[in-house]
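Engineer: Heads up: the protein sequence lines correspond to chains A and B, in order.
Using our numbering, the first residue of the first sequence is number 1, and each one after it goes up by one.
Using our numbering, the first residue of the second sequence is number 1, and each one after it goes up by one.
A couple of the hints might just be wrong.
Which chain B residues stay away from chain A? Per the calculated CB distances, all over 10 Å, these [as the list claims (entries may be wrong)]: (1) A72; (2) E258; (3) M290.
Listed below are the simulated DSS-like cross-link pairs for lysine-lysine, each with C-alpha atoms no more than 27 Å apart in a straight line [to be verified]: (4) B/K76 / B/K66; (5) B/K110 / B/K39; (6) A/K99 / B/K221; (7) A/K99 / B/K110; (8) B/K221 / A/K7; (9) A/K7 / B/K39.
Worth flagging that the hints you see were computed from the coordinates, not collected in a lab.
What you are looking at is a predicted structure, and each value in this text was computed from that prediction instead of being measured.
Glycine included, C-beta positions come from ideal geometry on N, C-alpha and C.
Next come the chains, spelled out residue by residue.
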Amino acid sequence: MSETQHKLFTLKFDIKNKLGNDTFETDAEERAHITIKPEICRDCPHKKCLYACPTRCYNLIDGEVKFQYEDCVECGTCFLVCDQGSVSWSNPQGSFGIKYQLG
Amino acid sequence: MEDVSDYDVYVIGGGPAGSSAAWYLADQGINVALIDRGKPIGSKNVSGGVLWGHDLKVLDEEWWKKAPIERAIISKKIGLLTEDKAMLFDWDFEEWGHEPYVGFSILRAKFDRWLAKRAQEAGADIYEGIAVDKLWIEKGEVKGIVQAGDKFKSKAVIVADGANSRILINSGLLTKPFSQNDFYLGIKEVLTLPEETIEERFGLNSEEGTAFEFILGGLPKNIVAGGFLYTNKRSLSLGVVVDLDTLPLGIHSYDVFEYYKQHPKIKRLIKDAKEEEYAAHFVPKGGLHMMPPLFGNGYVVVGDAAALCFSNGLVINGNGPAIRSGIEAAKVVSEAIKIGDTSSKFLSKYATSLKSTYVLENLIRFKNVEKFKDNPRIYSTYTPFILNFSEKLLREENKPREHLVKLLKQELKEAGINSIKAAIDLSGVRYL
Ligand SMILES: Cc1cc2nc3c(=O)[nH]c(=O)nc-3n(C[C@H](O)[C@H](O)[C@H](O)COP(=O)(O)OP(=O)(O)OC[C@H]3O[C@@H](n4cnc5c(N)ncnc54)[C@H](O)[C@@H]3O)c2cc1C
Ligand code: SF4
Ligand code: SF4
Numbered sequence: 001m002s003e004t005q006h007k008l009f010t011l012k013f014d015i016k017n018k019l020g021n022d023t024f025e026t027d028a029e030e031r032a033h034i035t036i037k038p039e040i041c042r043d044c045p046h047k048k049c050l051y052a053c054p055t056r057c058y059n060l061i062d063g064e065v066k067f068q069y070e071d072c073v074e075c076g077t078c079f080l081v082c083d084q085g086s087v088s089w090s091n092p093q094g095s096f097g098i099k100y101q102l103g
Numbered sequence: 001m002e003d004v005s006d007y008d009v010y011v012i013g014g015g016p017a018g019s020s021a022a023w024y025l026a027d028q029g030i031n032v033a034l035i036d037r038g039k040p041i042g043s044k045n046v047s048g049g050v051l052w053g054h055d056l057k058v059l060d061e062e063w064w065k066k067a068p069i070e071r072a073i074i075s076k077k078i079g080l081l082t083e084d085k086a087m088l089f090d091w092d093f094e095e096w097g098h099e100p101y102v103g104f105s106i107l108r109a110k111f112d113r114w115l116a117k118r119a120q121e122a123g124a125d126i127y128e129g130i131a132v133d134k135l136w137i138e139k140g141e142v143k144g145i146v147q148a149g150d151k152f153k154s155k156a157v158i159v160a161d162g163a164n165s166r167i168l169i170n171s172g173l174l175t176k177p178f179s180q181n182d183f184y185l186g187i188k189e190v191l192t193l194p195e196e197t198i199e200e201r202f203g204l205n206s207e208e209g210t211a212f213e214f215i216l217g218g219l220p221k222n223i224v225a226g227g228f229l230y231t232n233k234r235s236l237s238l239g240v241v242v243d244l245d246t247l248p249l250g251i252h253s254y255d256v257f258e259y260y261k262q263h264p265k266i267k268r269l270i271k272d273a274k275e276e277e278y279a280a281h282f283v284p285k286g287g288l289h290m291m292p293p294l295f296g297n298g299y300v301v302v303g304d305a306a307a308l309c310f311s312n313g314l315v316i317n318g319n320g321p322a323i324r325s326g327i328e329a330a331k332v333v334s335e336a337i338k339i340g341d342t343s344s345k346f347l348s349k350y351a352t353s354l355k356s357t358y359v360l361e362n363l364i365r366f367k368n369v370e371k372f373k374d375n376p377r378i379y380s381t382y383t384p385f386i387l388n389f390s391e392k393l394l395r396e397e398n399k400p401r402e403h404l405v406k407l408l409k410q411e412l413k414e415a416g417i418n419s420i421k422a423a424i425d426l427s428g429v430r431y432l
């Protein structure tokens with residue numbers, strides 16, 4: 001069987017659908033704890049952030065990598081997989097961000 | 001943090017490592033503050049969730065009778081999964097079901113809140129919902145902490161901020177920069193199911209729990225990943241651990257989780273369970289190569305921040321080492337405060353004492369375990385081979401059977417397995 005027929009390629013679901021189950025405390029001032037530098041992303045050879053982020057905060061829109069921090073669960077993955085120096089990463093201010101009820 | 005008077009010790013992070021340290025210090029009468037960015041404490045934290053062992057006994061002889069534990073683990077299952085096949089080894093240990101027990105499933109948001117509360121009851125001051133920026137360092141000496149740009153003085157600091165230690169990064173205290181080779185990404189979902197259904201489905205009595213771990217074999221592009229399933233009182237903790245380094249472009253990390261969740265074997269186990277919460281968090285691969293310095297002038301590092309998490313490919317044990325390292329650090333720090341010497345030389349006693357515990361002992365003894373468990377052929381070649389071979393072996397058909405050896409040879413050839421290479425790979429089992 002060829003690799004591309006593997007079930008992993010044919011899953012149909014949208015991760016965003018289950019993020020509604022999570023609790024977030026949003027920063028009214030909308031301070032982003034993560035930022036990217038678009039000019040670096042433009043020339044990025046792999047754009048691995050698009051795939052590695054477990055909540056799909058990185059999306060390719062009209063050929064450009066766009067980041068939204070709203071669903072971020074603060075795992076740190078994007079900072080690790082970006083070897084181009086585009087991601088500035090810090091913890092959200094105070095207790096803003098993900099609030100696990102179970103963990 | 002305006003009215004904060006100076007403390008003897010700041011503990012940054014209220015996971016199992018930090019709260020255990022703060023509890024111990026408070027018991028010793030040390031003036032200690034525990035600061036956590038979660039509000040309430042625990043709301044940023046995730047684990048699979050089994051807490052193995054009794055490291056907490058030092059703090060409370062009968063801790064588990066008071067802690068919000070889910071179930072006592074009485075059986076263990078380790079399996080191999082490929083796209084349409086599954087194989088499971090299943091162990092029941094009667095002695096695991098009795099005091100003193102060997103492990104408990106836990107949900108960290110509840111558990112960590114309880115642990116921090118115990119530290120508070122012992123006399124620690126707790127600050128929730130506050131993220132510390134970094135350590136306050138002058139001339140190579142840690143003087144205290146920096147929070148929102150302000151400096152707060154202390155005699156010593158315990159760094160317990162977990163796997164993604166921004167404190168060590170921001171303070172320039174890592175030995176080498178973080179790399180995707182050093183971490184797994186853990187993705188987890190809690191699924192609710194009635195208590196009776198869990199007990200019936202998994203063959204458990206009330207209060208009893210079970211732990212599954214799987215090798216996810218035959219994934220495309222040599223992805224290295226494992227799965228787990230633990231039973232809680234009224235829910236299941238289901239998750240995968242993905243080697244980020246092997247995650248290919250085009251496949252999302254959460255696809256691996258969803259694939260696992262939709263595997264026929266798993267589907268039956270989680271039937272009718274309702275999605276409750278989705279989470280993702282780093283798991284340090286652990287090991288000496290990625291360990292930051294464990295101490296310096298005026299500070300020590302504990303738990304995941306120090307990469308003390310242990311994993312041999314079949315279990316992740318980070319909660320226990322976090323607690324133990326927190327306690328070992330607190331013992332040395334409390335002594336240091338009492339005699340007024342928090343120099344690097346004195347605090348080095350922490351590393352020495354850790355070496356005499358299972359925490360560092362395991363990491364040293366198993367330092368080559370990566371070689372075995374991250375060998376992609378275990379996942380991409382041998383797991384599918386074992387399942388395909390056993391399927392042919394076990395299948396009863398109304399035609400003559402092949403001899404075992406002939407079938408094995410045929411199958412090895414078909415799977416393209418080079419027996420010399422396989423022998424070398426499997427000799428890696430000695431690292432486990
Ligand atoms: C999916 C998954 C499954 C796992 N399964 C298991 C398992 O079954 N068994 C097991 O033993 N281990 C398991 N582990 C590992 C275990 O979770 C960790 O080893 C353990 O949590 C480490 O504890 P810690 O106290 O060092 O860090 P953490 O638990 O990460 O705690 C760090 C704390 O620091 C706080 N913090 C962080 N930064 C700051 C800051 N700047 N200022 C203030 N506070 C801060 C955080 O809010 C948090 O409370 C698993 C991990 C994952 C991700
Ligand atoms: S990996 Fe880094 S540089 Fe590349 S697209 Fe993502 S954020 Fe930009
Ligand atoms: S920290 Fe994790 S969840 Fe947040 S954007 Fe980065 S990868 Fe996504």
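Engineer: Against the earlier hints, flag every one the structure doesn't satisfy and list their numbers going up.
Structural biologist: Those not satisfied are hints 2, 6 and 9.
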